[in-house]
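This note's numbering puts the first residue of the sequence shown at 1066, with every later residue one more than the last.
Take the hints with a grain of salt, since some may be wrong.
Computed list of lysine to any residue pairs in SDA-like fashion (alpha-carbon distance at most 20 angstroms, straight line) [stated by the list, open to error]:
(1) LYS1076 - PRO1109
(2) LYS1079 - GLY1118
(3) LYS1079 - ARG1123
(4) LYS1078 - LEU1108
(5) LYS1078 - ARG1123
(6) LYS1079 - VAL1122
(7) LYS1076 - GLY1090
(8) LYS1078 - SER1113
(9) LYS1076 - SER1116
(10) LYS1079 - VAL1119
Pair by pair, the computed Cβ-Cβ distance ranges are [stated by the list, open to error]:
(11) GLN1117 - LEU1091: 16 to 22 angstroms
(12) GLU1106 - LEU1081: 27 to 33 angstroms
(13) VAL1100 - THR1121: 19 to 25 angstroms
(14) LEU1086 - GLN1131: 26 to 32 angstroms
(15) GLY1082 - GLN1131: 31 to 37 angstroms
(16) GLN1117 - HIS1072: 21 to 27 angstroms
(17) THR1068 - ALA1110: 28 to 34 angstroms
No lab work stands behind these hints: they were computed from the structure. Here a beta-carbon is modelled for each residue, glycine too, at the ideal position from N, C-alpha and C.
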Amino acid sequence: PFTQLWHCEIKVKKPLGEHGLYGSGLVLINPPWRVPEQLSEQLPALASWLSQGVHTVRHQWLRGPQ
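From just these sequences and the hints, can you work out the full model?
Printed below as a string of structure tokens:
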């Protein structure tokens, strides 16, 4: 069983329709110590670097530490 569930997502361009790939995401089950914090710090820079205009970054605990 898992006790921690963390989600992160980046979008690197504005959706132009219903189909297409505009970003990527991860769900980490029982993530290693400090990985969520490290990704939270690094994802904005990655999204900016990959950006094709507008970019967004989201991350949240779905279960576990808040």
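A quick look at each hint next to the structure:
1. LYS1076 - PRO1109: holds, 10 angstroms
2. LYS1079 - GLY1118: Status holds; Cα separation ~7 angstroms.
3. LYS1079 - ARG1123: holds, 15 angstroms
4. LYS1078 - LEU1108: The hint holds at about 15 angstroms.
5. LYS1078 - ARG1123: holds, 14 angstroms
6. LYS1079 - VAL1122: holds, 13 angstroms
7. LYS1076 - GLY1090: Holds. LYS1076 to GLY1090 sits at ~9 angstroms (cutoff 20 angstroms).
8. LYS1078 - SER1113: holds, 10 angstroms
9. LYS1076 - SER1116: holds, 8 angstroms
10. LYS1079 - VAL1119: Between LYS1079 and VAL1119 the Cα gap is close to 6 angstroms, so the pair holds against 20 angstroms.
11. GLN1117 - LEU1091: 16 to 22 angstroms: holds, 20 angstroms
12. GLU1106 - LEU1081: 27 to 33 angstroms: holds, 30 angstroms
13. VAL1100 - THR1121: 19 to 25 angstroms: holds, 21 angstroms
14. LEU1086 - GLN1131: 26 to 32 angstroms: The hinted range 26 to 32 angstroms holds for LEU1086 and GLN1131, with Cβ atoms some 31 angstroms apart.
15. GLY1082 - GLN1131: 31 to 37 angstroms: Given about 36 angstroms between the Cβ atoms, the range holds.
16. GLN1117 - HIS1072: 21 to 27 angstroms: holds, 23 angstroms
17. THR1068 - ALA1110: 28 to 34 angstroms: Holds, at about 30 angstroms.
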